[in-house]
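S.K.: Given next are the chains, with one letter for each unit.
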Amino acid sequence: MELNGSQIMIEELKAAGIEMAFGIPGGAIMPFYDELLKADFPHILTRHEQGAAHMADGYARVSGKVAIVVTTSGPGATNLITGLANAQMDSVPLIAVTGQVATNMIGTDAFQEADVYGCSIPVTKFNWLIKDVNEIQHVTREAIRMATTGRPGPVLLDFPKDIQITKAEYTPRESAGSPLPAPRQYPELDMEGIDKLIEAIERAERPVIIGGAGIIKSGASEELAKFAKAAGIPVINTLLGLGGFPGTDELFLGMPGMHGTAYANFALCECDLLINLGARFDDRVTGKVSSFCPNATIAHVDIDDAEIDKRVHTHIPILGNVRDVLITLNERLTPGDYDEWRQTWTDWKANYPLQYDWDGSIKPQYVIDQIQEITEGNGIYVTGVGQHQMWAAQFIRFNEPKTWVTSGGLGTMGFGLPAAIGAKFARPEKDVWLIDGDGSFAMTLVELATAATYNVPVKVAILNNAYLGMVRQWQELFFEKRYSHSHYPENPDFGTIAEGYGVKGINITDVNEVRNSLETAAEHDGPVVLNFLVNKEENVWPMVPAGAGNDEMQLAPPSREAKS
Amino acid sequence: MRQVYSILVNNHAGVLSHVAGLFTRRGYNIESIAAGPTEDATITRIVIVAIGEENELDQIAKQLRKLYDVREVEQISYNQAVTRELVLATIEAPINKRSEVIQLANAFGAQVINMTDDTVTLEASGNDHKVRTLLKAFEGYGISQMARTGMISLPYDGMPEDWEPIA
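Residue numbers (my numbering), protein chains in the order written: chain E, 14 to 577; chain V, 39 to 205.
Just chain E, same shape as in the assembly:
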């Protein structure tokens, strides 16, 4: 049958099971939008293209499914760049379709023209400028394949306006003859590496597992739990790995690194075998590489060959899907005897718990603790970036994977609200809580309009200290309290702003109102913004200073240590 370019792309997206679109129309994408009216998946009209990208990102992290993000050319597309970079850093699949000026206008500095193909090269896994209607079918399929297979990531299709309306013969569900190579296959399971790892586990006295995003993405949580419990090996989860192992399990040691738990960092420093399952040895995890796991044999399972030996030298590299490797490990594992080691880390957990002081003010950690209590770890938890994000990572105890949505690698402030909206679209039956900072929230709060328009009942808890809190903390500790431009003394009234958007807004100034307000929000049938005016100078502890080793971790403020 004869279809135009827009129809062909939509047919291919439908055939691939795309169920959700986010975006904003504009001149160069109008023919595509015209056809989108007839597509049988919903489109959510956002207020900013960055918001659309983060919504698709949050949607994918929670559902494991891919959404498309649609924008016009020029500014519409360049507004996506942060969202693409964020998805690229955290290996989140999404498909961006951006309008482009007509092919005969490309390169003439036409109205709303930008080199979006060039701009998106470093922030996508795959991108394509479509110059021929006859390549749409193949390229759309390749885009979907690239986004979702191997190590997932964002892709971008730049779609000139004239190609959107050019007609061509379309044969659905038939392999389009293509000059491009067949997909690269991942290698067979590395049995040699697995044998070495099993030997190392049998030899080890103080083994530790570190589970990263690969656990979540490969769906390996159950296999991980089986493995850790059978072997009796404690589990650390990286920021993006949280939820990959039950937060309440006795074997769980929390998060490692810069704001990790004391016991996770102690375990890293003392272990003699580190089993890394799908984590990429980020600098916030390792600290100074030369003092990272100094006595350990390091095994690293990863689907991306380029992550192995990138920052940390690996003794037992295993290239492969984490879940596949764990299944094989579980078949062959003989339980170890690590009683002495178990006593050591159990004592650490008892002696160095996460804690915070009471002083009558609203402590941000207390608000998070209360959210944890009323949701019992069964909600979906979303954050912005900064202090509140670290506290949420520390104090929420996740029961299951894909319930934690946070911007890890890129650290994108403003990620929270749109990501929470995307998460709620993916799992409407779940309570979605956004724990945000005032700085992060203000960057994308315009999406409250989207939450109101579509009645997306996300619950927002702003831990408002009127500071860029993490910047303030570093200035206090490393810049002799010179608080250069980190203070927002004239912060707006976020409760009233929410009401202006048609969203229930409550300002909370008294610690005794915290629990009530959270319960009110939980019961309210619609989106809510809770603006908690929290203690302004609370810091995140423990902390490994930037560039220092995990063995140089500070447990608590220096002044407190001096007193004790």
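Because the hints were derived from the structure by calculation, they are not lab data.
Possibly wrong hints are sitting among the right ones.
As the list claims (entries may be wrong) - A short, non-exhaustive set of chain V residues, derived as facing chain E with CB atoms under 8 Å:
#1 G52
#2 H56
#3 G59
#4 R63
#5 N67
#6 N93
#7 Q97
#8 K100
#9 Q101
#10 Y106
#11 K135
Unchecked claim - Non-contacting residues of chain E with respect to chain V, defined by C-beta distances greater than 12 Å in every case (computed):
#12 F54
#13 L202
#14 K517
Being a predicted model, the structure only gives us computed values, none of them experimental.
Glycine included, C-beta positions come from ideal geometry on N, C-alpha and C.
Given chain E, put chain V in place with the hints provided.
M.R.: Only chain V this time, still in chain E's reference frame:
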């Protein structure tokens, strides 16, 4: 360390941007880059000489292999491949030095392709070592202009499988 990469890519607009962009954004150092068609019209060969630590040189190959349009990446050692570079160089050669310069050019098998009262322009090709030696030999006369293609490379055909290169 220096490393030669022979990279086969799909002949598709934007491939060079992807490859060059990878080197820029990951902070890898390129010494030379040369690209051109192969026996298959759909495939282009890019030869890159990069400088880095041993670990980084392996990283470069791994990162290149992740690019969509990259089909094959070979890290080439001098023993296993023929490498060539073409050089055009204008040498300062006043009348009293001219025959000396031409004699030297002949010694390297270089050809004279232009001559003025004060200069001789030469065309020469060879492997990395020869090109360096040649340029060093003419340095004393003064090289007023130079253009180099960057290295291109092909693996030796018919190398026995059990052949061990000399390290």
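S.K.: Could you run down the list of hints and mark each one as holding or not?
M.R.: Tested hints:
no.: 1; hint: G52; result: holds (6 Å)
no.: 2; hint: H56; result: holds (6 Å)
no.: 3; hint: G59; result: holds (5 Å)
no.: 4; hint: R63; result: holds (5 Å)
no.: 5; hint: N67; result: violated (17 Å)
no.: 6; hint: N93; result: holds (7 Å)
no.: 7; hint: Q97; result: holds (6 Å)
no.: 8; hint: K100; result: holds (4 Å)
no.: 9; hint: Q101; result: holds (5 Å)
no.: 10; hint: Y106; result: holds (5 Å)
no.: 11; hint: K135; result: violated (48 Å)
no.: 12; hint: F54; result: holds (26 Å)
no.: 13; hint: L202; result: holds (19 Å)
no.: 14; hint: K517; result: holds (44 Å)
In this structure, the hints that do not hold are numbers 5, 11, in rising order.
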